[in-house]
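Enquirer: Here are the chains, one letter per residue:
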Amino acid sequence: MSRPHGRPLDIRHGRVDMSHGAGGRAMAQLIEELFAATLDNPLLRQGNDGALLPAPGERLVMATDSHVVSPLFFAGGDIGSLAVHGTVNDVAMMGAHPRWLSAAFVLEEGFALADLQRIVVSMAGAAREAGVAVVTGDTKVVERGKGDGVFITTTGVGVMRAGLTLSGDAARPGDAILLSGAIGNHGMAIMSQRQGLEFDAPIVSDTAALHGLVAALLDSGAAVRVLRDPTRGGVATTLNEIASQSQVGMLLEEGAIPVDAAVEAACELLGLDPLYVANEGKLLAVCAAEDAARALAALRAHPLGLRAARIGTVRADAHGFVQMTTRMGGRRVVDWLSGEQLPRIC
Amino acid sequence: MKYVDEFRSGALAAGLAARIAAECRPGREYRLMEFCGGHTHAISRYGLADLLPPAVRLIHGPGCPVCVLPIGRVDQAIALARDHGVILCTYADTLRVPASRGSSLLRAKADGADVRMVYSTQDVLKIARANPHREVVFLAIGFETTTPPTAVAVLQAAHEDLHKLSVLCDHVLTPAAMHAILAVTGGVPLDGFIGPAHVSTVIGSRPYEPFARDYAKPVVIAGFEPLDVMQAILMLVRQINDGRAEVENEFTRAVTPEGNRTAQALVERVFGVRDSFEWRGLGSVPHSALQLRPEFARFDAEQRFGQAYRAVADNKACECAAILRGEKRPQDCRIFGTACTPDNPIGSCMVSSEGACAAHFTYGRFRDVAAA
Chain S
76 MSRPHGRPLD
86 IRHGRVDMSH
96 GAGGRAMAQL
106 IEELFAATLD
116 NPLLRQGNDG
126 ALLPAPGERL
136 VMATDSHVVS
146 PLFFAGGDIG
156 SLAVHGTVND
166 VAMMGAHPRW
176 LSAAFVLEEG
186 FALADLQRIV
196 VSMAGAAREA
206 GVAVVTGDTK
216 VVERGKGDGV
226 FITTTGVGVM
236 RAGLTLSGDA
246 ARPGDAILLS
256 GAIGNHGMAI
266 MSQRQGLEFD
276 APIVSDTAAL
286 HGLVAALLDS
296 GAAVRVLRDP
306 TRGGVATTLN
316 EIASQSQVGM
326 LLEEGAIPVD
336 AAVEAACELL
346 GLDPLYVANE
356 GKLLAVCAAE
366 DAARALAALR
376 AHPLGLRAAR
386 IGTVRADAHG
396 FVQMTTRMGG
406 RRVVDWLSGE
416 QLPRIC
Chain Y
87 MKYVDEFRSG
97 ALAAGLAARI
107 AAECRPGREY
117 RLMEFCGGHT
127 HAISRYGLAD
137 LLPPAVRLIH
147 GPGCPVCVLP
157 IGRVDQAIAL
167 ARDHGVILCT
177 YADTLRVPAS
187 RGSSLLRAKA
197 DGADVRMVYS
207 TQDVLKIARA
217 NPHREVVFLA
227 IGFETTTPPT
237 AVAVLQAAHE
247 DLHKLSVLCD
257 HVLTPAAMHA
267 ILAVTGGVPL
277 DGFIGPAHVS
287 TVIGSRPYEP
297 FARDYAKPVV
307 IAGFEPLDVM
317 QAILMLVRQI
327 NDGRAEVENE
337 FTRAVTPEGN
347 RTAQALVERV
357 FGVRDSFEWR
367 GLGSVPHSAL
377 QLRPEFARFD
387 AEQRFGQAYR
397 AVADNKACEC
407 AAILRGEKRP
417 QDCRIFGTAC
427 TPDNPIGSCM
437 VSSEGACAAH
447 FTYGRFRDVA
457 AA
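Sequences listed follow chains S and Y, in order. Numbering-wise, the first sequence is residues 76 to 421 according to the numbering used here. Numbering-wise, the second sequence is residues 87 to 458 according to the numbering used here.
Bound conformation, chain Y alone (with noise of 0.2 Å):
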C-alpha cells in the first residue's frame, strides 16, 4: 500500500535497529515514554520491543483517551442517557469503559438505554437532525486530535439551530497531562518522550519546547507508523548522548512547528480551558480540560441538564493509575490477564486497543510467560 508499506519496511527497520544498539551507551539506561497510545499500539503490534537493545526502554504514556476518562465523567453519560432519555453518541471505546457498579455505556444501551456508537461528529448531527424532537447528547473525548471536530459540530450546530443537541465535553489537553507526569515528586524516571503524532499535526510541535527548556527533556516527534517509532528511538538516543534536551520534529512531513492555524482558531472560538479536571491516574490536573465557552453554553450538556461531576474511586485492585503515570507496567497489576482482560476489563487501561494494558495482553503476553 502506497506511502504506508514504505513506513513498515522490515529492513529498515532492521538497519535502524542495528544504529540504536551501536549508539546506546555500555552501563547506560535509556528510558523513553511514548506519551500516545497509537505509539503504545504500534509498538506492541508490530513487536517493536524484539528490535530494541534491553538498554531502551519504553515507558507507556497516558495519552489514550478512553483510558484517561475517570469513572465518574462515564456515570454522568450513562445518568443522562437512562435517567433523562437522551440519544447517547460517542466513539466507539468509550462505550466499554468501566463506570460504577459494574455498568458501562454498553450495558446501559443492554438494558434500554438509546446509546449510539459513532465515527465521527457528523454522524451527531445527522442523527440529531433526523430525531429533531429528541435530545441528543454528544460524549466528546479525546485529546486535540478529535476536539476540532466536536468545535465544528457545536458550531454547525448553532447554525442549523439544531437546538436539542448538546455536547457533554471531556475533551482534554496533552501538554497539561505531560506537565503533570514530570511534576510528580518521586515519579517515574524519564530521559526523554515520543511525541505525538497527531495531537502534533494541530498543535504543532512549540508547546513542547517548556519540556525541553524547563525539565530538560529531549522530546521527538513521531508518526505513528513502526519506522517513525524506530528512528524517534535513535534521535532520542542521540540526544541523550550527547546532553542535548530540545524538541526536534520526526514527523515532518505531517507536523509543522505551528500546527493546523485553522483547527486551533475553531477549537479557540467554541471551547475555553477549565480551571481543572480529574484525569484517571493523574488526579485533578489544572488547565488539563476544555468546556464550551458562554456563548455556547446552551449546547453544554452539563450546564442543560445540571450533571454535577462526582469522583469515583477506581476498582481498589486496579493499577490503571499508576500504569498511566509510567510508574507500573501492566504486568505489574495482579489482575492483569485474570480478572482484567480485555472482553471484561477491570480498568480502562484494558479497554481500546491503545491502552497500555490490553495492547500488552493482545500482542506482548507471550513475553511474560518466556521471562517467568
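Only chain S is shown next, with the shape it has when bound in the complex (with noise of 0.2 Å):
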C-alpha cells in the first residue's frame, strides 16, 4: 500500500496535536494507522460514514455509555476495556447479544500516542474476547486543558432473544434477588489509585463481558424477570432503581452478600459502604423464586459467577423501601446513593 501521509505515526514519542481532530491528513493517518489497523474487522473496513449492518433477528437492541474515568489505567483493566464492557453489558442486560459497537473519542491536545495505542489495543482485545465488532467511530481532539486525556463513548446494538422481555418494572412481591458475584471491586480498585487517596490494597478491578453469564442464566430455563448491572451507585441503587419502577419493596439479608476481605478493609477505612460502590463485571437478576435454585446453579456454573448468591427477596411495599437485616440482626433502609461518593469511577 503507498504511504499517503509520509512517515508513519511515530507512536512511541508522539502526541496528539490539534491536527489529529482537524479532518485532514493527520487525522486520517491516525485513524487509519492506529484505530482501523487495531480494531480491524469487515464492517469497519468499509471505511465509510457509517456501517451498512446485515439485518439479523427481529428486535435489536441499542445502548450507549461515555467513559471518563479517571486514573485511565487501573489495576484489571483500562479506559479501552472499560468501554467494550460497559456498553456490551448494557446490551447483555436487557436480554440481547451484543454484536456492533461505536466508538467516539475525544481526545486531549498533548495526549502520547503510546497510551493512546494502549487503550485502543486494549479496546481490541476485549472486543475480540466478548465476541463484538467496533464498526464506526470518531475522533476529535481537544486542547490541552479542556479534556483529561481521553474520553471514549461507545455505543452497542445487540440482537434480542426471541420471546424474552426484561425490563426494570417486571419484578413481583416474592421473587428472588439473585448478585453474580462480590461487589465493590471495581470502585474500590480506582479509588485505590485515585491521586491524593493512593493506597496499597490487593484489589484488582471485575470489569468483564457479562452477556456470557447472561445466556448462561436465560438457558436455565429460568423466569428471568430484570437484569442489571449494578455500576455507579452500586448494588444499593440499582435495586432502588428495580424498587421504584416495579413498585415493590426489597427486603434484603447482609450476610448473603459477598464481599472480598480486601475491599471491605478498605471501604472500612474510606467509612464506604460496599453496596453502594460499583461494579464493572456483575449482575442482579430478579427471578420467579421457584426459579431461584436453578438460576443460581447455573450463574455459579459460569466462571463469571462463581460466587453467585441469592441476597433478597421482592416484598410488596407501598414506599419501596428497599431494606436489609443486618448481620446484628436489626433491620434498615438500604437508601439511594445520596450526592456523589466518587465522581469518574467509569
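What the hints contain is simulated information worked out from the structure, not anything from laboratory work. Treat each hint with caution, since some may be false.
Unchecked claim - Among the chain S residues that face chain Y by a calculated CB cut under 8 Å, a handful are:
#1 Arg120
#2 Gln121
#3 Phe274
#4 Ala336
#5 Glu339
#6 Ala340
#7 Glu343
#8 Arg390
#9 His394
#10 Thr401
#11 Met403
#12 Gly404
#13 Val408
#14 Asp410
#15 Ser413
For every residue, glycine included, the Cβ atom is placed at its ideal position computed from N, Cα and C.
Assembling the complex is the task here: the two chains are given apart, and the hints tell you how they should meet.
Expert: Written out as C-alpha cells, the structure reads:
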C-alpha cells in the first residue's frame, strides 16, 4: 500500500495535536494506522461514514455509554476495556446478544500516542474476547486543559433473544434477588489508585463482559424478570431503581452479600459502604422464587458467577423501601446513594 | 475482617440484647443519650433499635461536628473563598452544610470559588506548598479527635514558614457541650450517657467525672462498633438499676483515664480556649471552643482577614436545634423527609451521615411508616 502520509505515525514518542482532529491528513493517518489497524474487521473496513449492518433477527437493542474514568489505567483494566464492557453489559442486561459497537474518542491535545495505542489495543482485545466488532467511530481533539487525556463513548447494538422481555418494572412480590458475585471491586480498585488517595490494596477491577453469563442464566430456563448491572451507585442504587420502577419493596440479607475481605477493609478505612461502590462485572437478577435454585446453579456454573448468591426477596411495599436485615439482626433501609461518592469511576 | 468482625457478631449481639431485656426493670424507662454522631450512625446502620427492649430509649446527642456548626461560621468560610480569593480547604461533609441564602461551600465551589475537599491536614500542607503565592485557608472543624492534626499542621506551617496558610478555627469541646445539655432547665430528661469513642482516646475518661459526680449521670465510654454500643447500654442499665453514677470505660482497648498525653500537649501548645462560642442548637456556650494562641496569630484566618463572626438565625421550620439538644426526634420535624432530605438538606443534622436526621432518613425511616 502506498503511504499518503509520508512517515508512519510516531506512536512511541508522538502526542496528539490539534491536527489529529482537524479532518485532514493527520487525522486520516491516526485513524488508519492506529484505530482501523487495531480494531480491524470487515464492517469497519467499509470505511464509510457509517457501517452497513446485515439485518439479523426481529428486535434489536441499542445502548450507549460515555467513559471518563480517572485514572485511565487501573488494576484489572483501562478505559479501553471498560468502554467495551460497559456498553456490552448494558446491551446484555436487556437480554440481547451484543454484536456491534461504535466508538467515539475525545482526545486531549498533548496526549501520548503510546498511551492511546495501549488503550485501543486493550479495546480491541476486549471486543475480540466479547465477540463484538467496533464497526464505526469518530475522533475529536480538544485543546490542552479542556479534556483529561481521553474520553470514550461507545454505542452498542445487539440482537434480542426471541420471546424474551426483561424490564426494570417487572419485579413482583415474592421474587428472588440474585447477585452474580462479590461487590465493590471496581470502585475500590479505582479509588486505591486515585490521586491524593493512593493506598496499597490487592484489589483488581472486576470489569468484564457479562453477556456470556446472561446467556447461561437465560438458557437455564429460569423465569428471569429483571437484569441490571450495578455500576455507579452500586447494588444499593440499582435495587432502588428496580424497586421504584416495579413499585415494590425488597428485603435483603446482609450476611448473604459477598464482599472480598480486601474490599471490605478498604471500605472500612474510607468510611464507605460496599453496597454503594461501583461494579463493572456483576449482575443483579430478579427471578421467580421457584426458579431461584436453577438460576443460581446456572450462574455458579459460569466462571464469572462462581460466587453468585441469593441476597434477598421482593416484597409488596407501597413505600418502595429496600430494607436489609443486618448481620447484627436489626433492620435498616438501604437507601439511594445520596450525593456523589466518587466522581469519574467509569 | 480481623479486629472488626469480632465486634459485629450477630450471635453476641443477640446474647447482649437478651441480657439487657432481662435486666430492665418493669415500668422503668432508660433514657440514654449517645453523645457522638459516630454512635448515632452505628445504631442506625446496624438497626440496633430492633434489638433493644422498648424500655431503652436512645436519644441522639450533639456530637456531630458539622451539625453543631452554626450558619454564621459557614458564611465566614464562604466569604473568604468568594470575596478574598483564597483556596478554602475543609473536610467533605462540611462542604454541604447549609449557609445563608441557600448557599453552601459546595454551591460556592460551583459558582467558581476555589473550595477543596481534604482528607487530612497533611493534604492542606501539600496544597499550601504547591501554591506558595495563594492564600490557603483550612476551615478546621470537629471535636477533640480532629484538633490534634490541626495543631500539627499549624506547627508544621510555622516550621516551614508557610506564611500564606491560615486556619479558620471552629474546633469545639465535648465536655462543655455535655454541660450545656445538662444545664438547660426543662431540657431533656436523661438517665445516662454513652460516652464518646474517638474523642475519649484523646482526652481520656477523666473529663467525664463531673457528670457522674455533680449531675449524678452515669457515663459509659463506648467504641463505635455495634457490640460496643450494646455492651455500653447493658453497663448503663446496670448502673441505673444499682443507683450508681460512675464513669465506666467499655472502650478499654483504646481509651485510658489520661488519654493521649502527646496529643493533648500539642493542642495545649497551639490552642487556647475561647470565652464563648455559638453552637447550632445549644446557643452560646462558655469555654466550649478553641482558638489559636497569640503566638500563632499569624495563622489565624479570622484575624488575618478581619472576619468577625456574625450570628445568623436558623431556618424557622428547621428543628435541628431541638434535635441537637435531644428534645425532639428527627421525625418530629415537619420538614423531615419532605423539604429536608440528604440530597437537599435544610438543617445541618441532615448533612452528615452522623447527623441524627440523615441517619434516621437513610437507615430508619421505614419505622415511621410502620408506626403510622
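Enquirer: Next, verify each hint and record whether it holds.
Expert: Outcome of the hint check:
With 8 Å as the threshold, the beta carbon of S:Arg120 stays out of range of chain Y, its nearest partner Cβ sitting at about 46 Å, so the hint is violated. At about 45 Å, the closest approach between the beta carbon of S:Gln121 and any beta carbon in chain Y exceeds 8 Å, and the interface hint on this residue is violated. At about 11 Å, the closest approach between the beta carbon of S:Phe274 and any beta carbon in chain Y exceeds 8 Å, and the interface hint on this residue is violated. With its C-beta approaching chain Y no nearer than about 6 Å, S:Ala336 sits inside the 8 Å limit, and its interface hint holds.
Hint status for S:Glu339 relative to chain Y: holds, with the closest Cβ pair at about 5 Å, below 8 Å. Given hint, S:Ala340 at the interface with chain Y, holds; its Cβ is 5 Å from that chain's nearest Cβ, closer than 8 Å. A least Cβ separation of about 6 Å between S:Glu343 and chain Y falls short of the 8 Å threshold, and the interface hint therefore holds. Evaluation of the S:Arg390 hint against chain Y yields a violated restraint, the C-beta minimum of about 11 Å exceeding 8 Å.
Look at S:His394: its Cβ gets to within about 5 Å of chain Y, closer than 8 Å, so that hint holds up. Given hint, S:Thr401 at the interface with chain Y, holds; its Cβ is 5 Å from that chain's nearest Cβ, closer than 8 Å. Using the Cβ-Cβ criterion of 8 Å, the hint placing S:Met403 at the interface with chain Y is satisfied: the shortest such distance is roughly 4 Å. Given the 8 Å rule on beta carbons, the hint for S:Gly404 holds: about 5 Å separates it from the nearest Cβ of chain Y.
A cut of 8 Å between beta carbons decides the hint on S:Val408: the least distance to chain Y is about 5 Å, and the hint holds. Interface restraint check for S:Asp410: the shortest CB-CB distance to chain Y comes to about 5 Å, inside 8 Å, so the restraint holds. For S:Ser413, the shortest C-beta to C-beta distance to chain Y is roughly 4 Å, which falls under 8 Å, so the interface hint holds.
Violation of the numbered hints given earlier is confined to hints 1, 2, 3, 8; the remaining hints are satisfied by the structure.
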